[in-house]
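Asks: Using the supplied hints, reconstruct the complex from the two chains, each of which is provided in its own coordinate frame.
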Amino acid sequence: MAIKSKPRVKVPSEAKAGEIVEIKTLISHEMETGQRKDSTGKTIPRAIINKFTASFNGKTFFEADWFTSVSANPYQAFFYKASESGEFTFTWKDDDGSEQTASAKLTVA
Amino acid sequence: MQLRSWTPSRRETMGLGLTALLAAALAPCLVMATEEAVAAELKKLYGDKPMADGKIKLDLPEIAENGLVVPLNVDVESPMTDGDYVKAVHVFADGNPLPQVVTYKFTPQSGKAAASVRMRLAQTQNVIAVAEMSNGTLYTAKAQVKVTIGGCGG
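First to last, the protein sequences are chains A and B.
Here UniProt numbering is used: the first residue of the first sequence is 1, the next is one more, and so on.
Here UniProt numbering is used: the first residue of the second sequence is 1, the next is one more, and so on.
Incorrect hints may appear among the rest.
Calculated pairs, PhoX-like style, for lysine-lysine (alpha carbon to alpha carbon, straight line, at most 25 Å) [said to hold, decoys possible]: (1) A:59 - B:87; (2) B:105 - A:105; (3) A:37 - A:24; (4) B:44 - A:81; (5) B:112 - A:93; (6) A:24 - B:57; (7) B:44 - B:105; (8) A:6 - A:51; (9) B:43 - A:24; (10) B:57 - A:93; (11) A:51 - B:112; (12) B:57 - A:51; (13) B:105 - A:81; (14) A:81 - B:55; (15) A:81 - B:112; (16) A:81 - A:10; (17) B:43 - B:57; (18) B:44 - A:51; (19) A:81 - B:43; (20) B:87 - B:55; (21) A:81 - A:16; (22) B:55 - A:24; (23) B:87 - B:43; (24) A:93 - B:105; (25) A:16 - B:112; (26) B:105 - A:51.
In case anyone wonders, no lab produced these hints; they're calculated from the structure.
Isolated chain B (complex conformation) (with noise of 0.2 Å):
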């Protein structure tokens, strides 16, 4: 396992920083989406469908530093076999200029229905995620980030 390779050197760190400060200097957000963008979304998904909480587990850290990157584990439990499976996941963030953050597709050879992106949060907001099973079965969960200096100049 070559997991050196994954360290950025102090030279990318520093300019990782730098691009960071001049994004969130050049960024200021002009609207930003709210819990009803959230949920116009998923009713052109799923209509007025009902979901379950449950079953879904958001990792994501209380307070981000950095709105910029924000580690984000989406894992829900299934046994992922063909007769029961996580079709889909969809992760919406209420407070940013535009609701969607990321849509997985799970299949049965994916084995776990587990994955982990970085993402940009413009302020203290809420992460949503919504699991659709292969039975047309949904589930929902929601967890608050607080954000310290927002991915978009707040």
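With the rest of the complex left out, here is chain A (with noise of 0.2 Å):
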């Protein structure tokens, strides 16, 4: 199942220098784990988004590899540490090979 709608994403927009920001993001997807039946006893196929990336100024900082156990409309909360001001980036990537990104701009006085 492709995705579906855009992801939400929460990060301050300022920071002070060496000042560890929390970040929360939110995807709308079924995470199908492939465990399921449908009503004529097939199989559901596996459809889920298996990675995570966040990325500051193009370095990746955090990544997370989900699996099927993880729930259904993706929640993921991390921390950076600020250091410079830019932008980050952050992908989603789904099992059919489609990706979503999502970013937002952090100032550091």
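Replies: Laid out in structure tokens, this is it:
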């Protein structure tokens, strides 16, 4: 199943140098496990987002491999230590090869 | 901070609830993972390397009413400097059809080796976390979650 709606990201827009900021992300997705059967007894094939990546100014600082045990509409929260102004890029990779991205700017005072 | 945008509306909540019920009704789990399956996964990753208890704080509900959405917060104690940081954290659930839940890769820029996710738990079971430090040392932690309504029809 393709990704349906835009992911949501919550990041502070400003931080002091050295400050650790929390980033919260949420994306709509069934995260079909491949364990379920439909009414005719046929197994519904697995279709999940299997990788989430967070980078800042092009440098990856956090990665998460998601498996079938991750809930539908996956939520992921994590941290980043601010050092310079720039832009976050977040990427969600689907089993079907499609990708969804989001970005957010951070100003370091 | 727009906290409000994170609160699902009444309609969305109802929708999610219905989806959850439907999912539970449609999803009899055939094969469950076991402690051996978790051990096998760990062997694939780290061989027979010894693991010490500690350093990891596993924040989980003692009782999860809804196994479809169980909040999981892992926090590993580390200075997160270039010379001493947490490289990876693996989380397993020994009573789910497939034992892996999530694998995190941290860097010193992460600031904190902590992350939160929501997971499915098919039944009452143990959640196991293993952390790999930058010097190769392994730590582990385990917590049991009692599941009232399983994330998989149980």
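Asks: Are the hints correct? Go through all of them and say.
Replies: Each hint tested on the structure:
In summary, the hint linking residue 59 (chain A) to residue 87 (chain B) is supported, as the alpha carbons are separated by about 16 Å, within the 25 Å threshold. Restraint check for residue 105 (chain B) and residue 105 (chain A): the C-alpha separation of about 22 Å stays at or below 25 Å, so the hint holds. Restraint check for residue 37 (chain A) and residue 24 (chain A): the C-alpha separation of about 32 Å exceeds 25 Å, so the hint is violated. For the given pair, residue 44 (chain B) sits about 32 Å from residue 81 (chain A) by alpha-carbon distance, which is inconsistent with the 25 Å threshold.
For the hint pairing residue 112 (chain B) with residue 93 (chain A), the CA-to-CA distance comes to about 24 Å; that is within 25 Å, so the pair holds. For the proposed pair residue 24 (chain A) and residue 57 (chain B), the alpha carbon gap of about 20 Å is at most 25 Å, so the pair holds. This hinted pair checks out: residue 44 (chain B) and residue 105 (chain B) have alpha carbons roughly 17 Å apart, not beyond 25 Å. Restraint check for residue 6 (chain A) and residue 51 (chain A): satisfied, since their Cα atoms lie roughly 16 Å apart, inside the 25 Å limit.
Restraint check for residue 43 (chain B) and residue 24 (chain A): the C-alpha separation of about 32 Å exceeds 25 Å, so the hint is violated. Among the hinted pairs, residue 57 (chain B) with residue 93 (chain A) is inconsistent with the structure: their alpha-carbon atoms are about 28 Å apart, more than 25 Å. Between residue 51 (chain A) and residue 112 (chain B), the direct Cα distance comes to roughly 20 Å. Compliance with the 25 Å bound is thereby established for this hinted pair. Annotation: proposed proximity of residue 57 (chain B) to residue 51 (chain A) holds, straight-line Cα distance about 24 Å (limit 25 Å).
For the proposed pair residue 105 (chain B) and residue 81 (chain A), the alpha carbon gap of about 15 Å is at most 25 Å, so the pair holds. Between the alpha carbons of residue 81 (chain A) and residue 55 (chain B) the distance comes to roughly 20 Å, so the proposed pair stays at or under 25 Å and holds. Taking the CA atoms of residue 81 (chain A) and residue 112 (chain B), the gap is near 8 Å; set against the 25 Å cutoff, the hint holds. Distance restraint check for residue 81 (chain A) and residue 10 (chain A): the Cα-Cα separation of roughly 15 Å lies within the 25 Å cut-off, and the hinted pair is therefore satisfied.
In summary, the hint linking residue 43 (chain B) to residue 57 (chain B) is supported, as the alpha carbons are separated by about 22 Å, within the 25 Å threshold. A distance of roughly 20 Å separates the Cα atoms of residue 44 (chain B) and residue 51 (chain A); the hinted pair therefore holds under the 25 Å criterion. Annotation: proposed proximity of residue 81 (chain A) to residue 43 (chain B) is violated, straight-line Cα distance about 33 Å (limit 25 Å). A distance of roughly 14 Å separates the Cα atoms of residue 87 (chain B) and residue 55 (chain B); the hinted pair therefore holds under the 25 Å criterion.
For the hint pairing residue 81 (chain A) with residue 16 (chain A), the CA-to-CA distance comes to about 10 Å; that is within 25 Å, so the pair holds. Taking the CA atoms of residue 55 (chain B) and residue 24 (chain A), the gap is near 24 Å; set against the 25 Å cutoff, the hint holds. A hinted pair counts as satisfied when its Cα atoms are at most 25 Å apart, and residue 87 (chain B) with residue 43 (chain B) qualifies at roughly 18 Å. Among the hinted pairs, residue 93 (chain A) with residue 105 (chain B) is consistent with the structure: their alpha-carbon atoms are about 16 Å apart, no more than 25 Å.
As the CA atoms of residue 16 (chain A) and residue 112 (chain B) are separated by approximately 16 Å, the hinted pair is consistent with the 25 Å bound. A C-alpha spacing of about 11 Å is found between residue 105 (chain B) and residue 51 (chain A), which places the hinted pair at or below 25 Å, so the restraint holds.
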